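The primary structure of each chain is shown beneath.
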Amino acid sequence: MGNRVAIVGAGMTKFVRRAQETGKELSYHATKMALESCDMTLDQIDAVVLGTAPDTFDGVHMKGEYLSDGAGAWGKPYMRSYVGGGTGVFSVAQGWYHIASGLIDTCIVVCEEKMSSYRPHPQGAFLTIFDHTTERPLKPNLLWIFALEMNRYMHTYGLRKEDIALVAVKNKNNALDHPCAQIAKAVTVKDILNSEVLAWPVQRLDVSPVSDGAVALVLTNESIARRVTNKPVWVEGCGWALDTTYWTNRDLCYPRYVEEAARMAYKMAGVTDPRHQIHIAEPYDPFDYKELHHMEGLMLCGKGEAPQLTVDGVTQRDGELPTCPSGGLLGVGNPIAAAGLMKVAELFWQLRGEAGKRQVARKVRRGVAQAWGDLMQVGTVVVVGI
Amino acid sequence: MPKKKSKVKKQKSLKVTVTNPKTINSNFQFQGVGLSDDDLKKGKVLTTHWIGDTKYAWDQGVAIGKYLDGLKAGKILGVECHKCGRKMVPPRIFCEWCFKPIDNWVELLDTGTVNTFSLCYVTWDMQRVKKPLIPAVIEIDGASKGMGIMHLLSEVDPKKVHIGMKVKAVWKLEKEREGAITDILYWKPIK
Amino acid sequence: MNDRVAIIGIGATQFRSISPDVSYKELMFEAAVKAYEDVGINPRKDVDTFVTCAEDYIEGTSIFDEYVPDQLGAALKPMHTITGDGLHGIASAFLQIKTGRFDVAVVEAHCKPSNMLSPDGIEACGQDPIYNRPLKLNTHFIAGLEMNRFCYETGITFDQCAKVVIKNRKNALNNPIAGRSAKLTLDDFQYADGVSCPLTELDVAQPVDGAVVIVLASEAKAKALVKDPIWINGIGWCNGTPSLESRDWVHLDYVTKAAEMAYKMAKITDPRKDICFAEIDDRYSYKELQHMMALKLCCECGAGQCIDRGATEINSEFPVNPSGGALGMGYLYEATGLARLYSACEQLRGNAGKNQLKCAKTALVQGWRGLPTTSTVVAILSSQGGCNG
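Residue numbers (the working numbering), protein chains in the order written: chain A, 1 to 386; chain B, 387 to 577; chain C, 578 to 966.
Because the hints were derived from the structure by calculation, they are not lab data.
As the structure is a computational prediction, the values presented were derived from the model and not from experiment.
Don't take every hint at face value.
[As the list claims (entries may be wrong)] According to the in silico footprint, chain C covers these stretches of chain A (three or more CB under 8 angstroms from chain C):
#	region
1	50-56
2	68-81
3	298-304
4	312-324
5	368-380
Even glycine gets a Cβ: it sits at the ideal position worked out from N, Cα and C.
Start from the sequences and build out the full structure, keeping to the hints where you can.
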């Protein structure tokens, strides 16, 4: 059904705490690199799709329009999609439906974030994501919702911080091999457990940083993909689901919206046994417990079982199901929308054997990338294969 | 169905030879120049500043309007959908699962159970505090299981807070209430 | 891939200057229920994908898509936000249905400008922070600059622009959901307050609160659900440059490109002949004329002469904005394009009451995202039977 869609090129900038480049310049660098990586030029691109998270960070209303020229959209059909943190992976789904519809043959997918513009600290911008009447007057910090969810998750399955911390250790260490990483570090579980308590049970090293950065992918239809590269990475399935606004009416121990999105993507991709048919995973890891939470939502293991997989080394680069071999958000950085797209770019490089020092041990043919966003609300999933 | 005419012909010629993909990771120079806070303060780069004039006043409407009236009167109100049987809080004029208008309003209790909580040592704009703020999701008694609202706990030893703890609302004095979520000052454990 | 895409259901609230009795969620719920009842579907079961069009700064809430699923019946279903005009949402839904993976899609947009206490300040945040904002100008200055240059180069007069306002606000008098109808004369423009010369208060569409929901479907589903679907024969969208310093103030290339994409898809070779009427963006009076030119909807004598002759009046040569447009119905920010679409659908169905056109078989709908953007969408719709010319 529909045209087959492939990723044929990828590019990204470094992820840094505070970039000298403007948002437009970051988008430009990523887009240029993506085009150069597959020897294509902007005039061969039919449409541009951009993903970027809250306009408040940049302090620019209609940020998508502002960034459009940096993304190569001058004189082209252009759309910006936005599902909070889920945007990065969702933008691939948006590029997919552009091409699968048959109307568009080639599309650039760009995700960019410049969080550092917001002063005094980008965290403050997150105040405005809460309900203006029932929540904002309580002056919530973004950390609250993660801490509340982490606590509920730990309580429900009897998890220990030590087991969860292993994810941060794995990802920050993995990121040492990522040339764009912002906070790669050889840390231990002890380092995580000794770090400053921000909002118990969340400690400083459980959290990904604030970042600036951009990532871009080139998507094409099948006939063009086969002429551009001998290793097109197919977008085999996409899924997305947005849960109810009333997050305080939901049990936070399980991200059912990730499962819904995963089911939609797996169905499209013909995946019936994710644990064995998915060879490599890049779930969204803004906090260490989130990788586990999302592995369960992606049905890569049973509910509450993800910590065990981590402890057993299954998710290491040389494990059976390498998870976040890029270093994830915890290691590479978290420029919100760009972070999600970085995960898809990682799968692109891994499946083609181009991930350099990060290349996973086993032969991988199919991977899943997932992002999360909003008030513990949206799951966006893309299955890619070669 | 006739195949759509491919657009490829109109574009500048694409390479027909199938090339090996470039390995871009080994020595590639990634763009992006990181600056420190100091760089900005010392004027190493030029900056512009803007404080936006962005003011809003949101109409509360039927559901939240009545909820806030209830809070002013010292009550927590919810709504009921007879189709799925849920008693919901915060109130809404529609049941999002059945997609139908809600049937009636119910008065809930001002006691509840802690569903989850956190001990937070930073404010909304990342200032450090010694005494932790204790946000929690509190399942309200009288509503369906799992129906919670977000609020703060206080008058409790942070070490003693636990999931499943029974709590009660501590209200502002009647004359000080405004019809806002802050008419409840915080929740404290029921002894 | 599905063959054609149709609009099968529409719903809209009244457009009013204030709506203090309802929250934005309740406004959206009203429009959604109307749209779903129009076609007789249950969103919980029958809708495959949802798109909402909104901007954070307009709402006063970041990541605004957090707050939309419930009132549309989209909880735990595929839903995403497009930060664009409602017509961008239509384009997105169109693409999704064409993939063959989705049969029924819902697109929503709404606005509550009455809740924006500092609209000028909020709109100013859309200006380039480095090159333009430090000038501390009200955003309308961009329209003032453009109107001045446009009239200078084309020879269109300010009075001709005023006639657009008179026509549209008069049309709105017969539109039951319009929020800004009025009976005006050219004299009124002499006394109108200046906004950014030559723009006066009367040249600017005033904001209103409202919500619009549209239901789209694949061809097979549309034929199964309704007797007379409205076909989207063509759709195109395009961006120009976001920078003020490098744009053409007179010729809107991005509108022409978007139109070409839509015309090609709809096999339209002579727009003025093949299309019966148009609902296009008129956020500013001169914009209707400028858009007509870019869309190639003017006769040879030019847009100014068209309006002088009354050629764009109801039941005249080529009716433009018979609903009253944004000038007459009110400006809805991101929902403005959907208001045009809703109005066009009412015409195509024969439901436009006193404003019903005798020939209403094929319509052009165009949206523009407003200042400071150069972002547009064009759609060609037709009811059963096509146009008799």
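Hints versus structure:
1. 50-56: Answer holds; 4 residues pass the 8 angstroms Cβ test.
2. 68-81: holds (count 11)
3. 298-304: violated (count 0)
4. 312-324: With 0 residues in contact (Cβ-Cβ under 8 angstroms with chain C), the coverage given for the region 312-324 of chain A is violated.
5. 368-380: holds (count 5)
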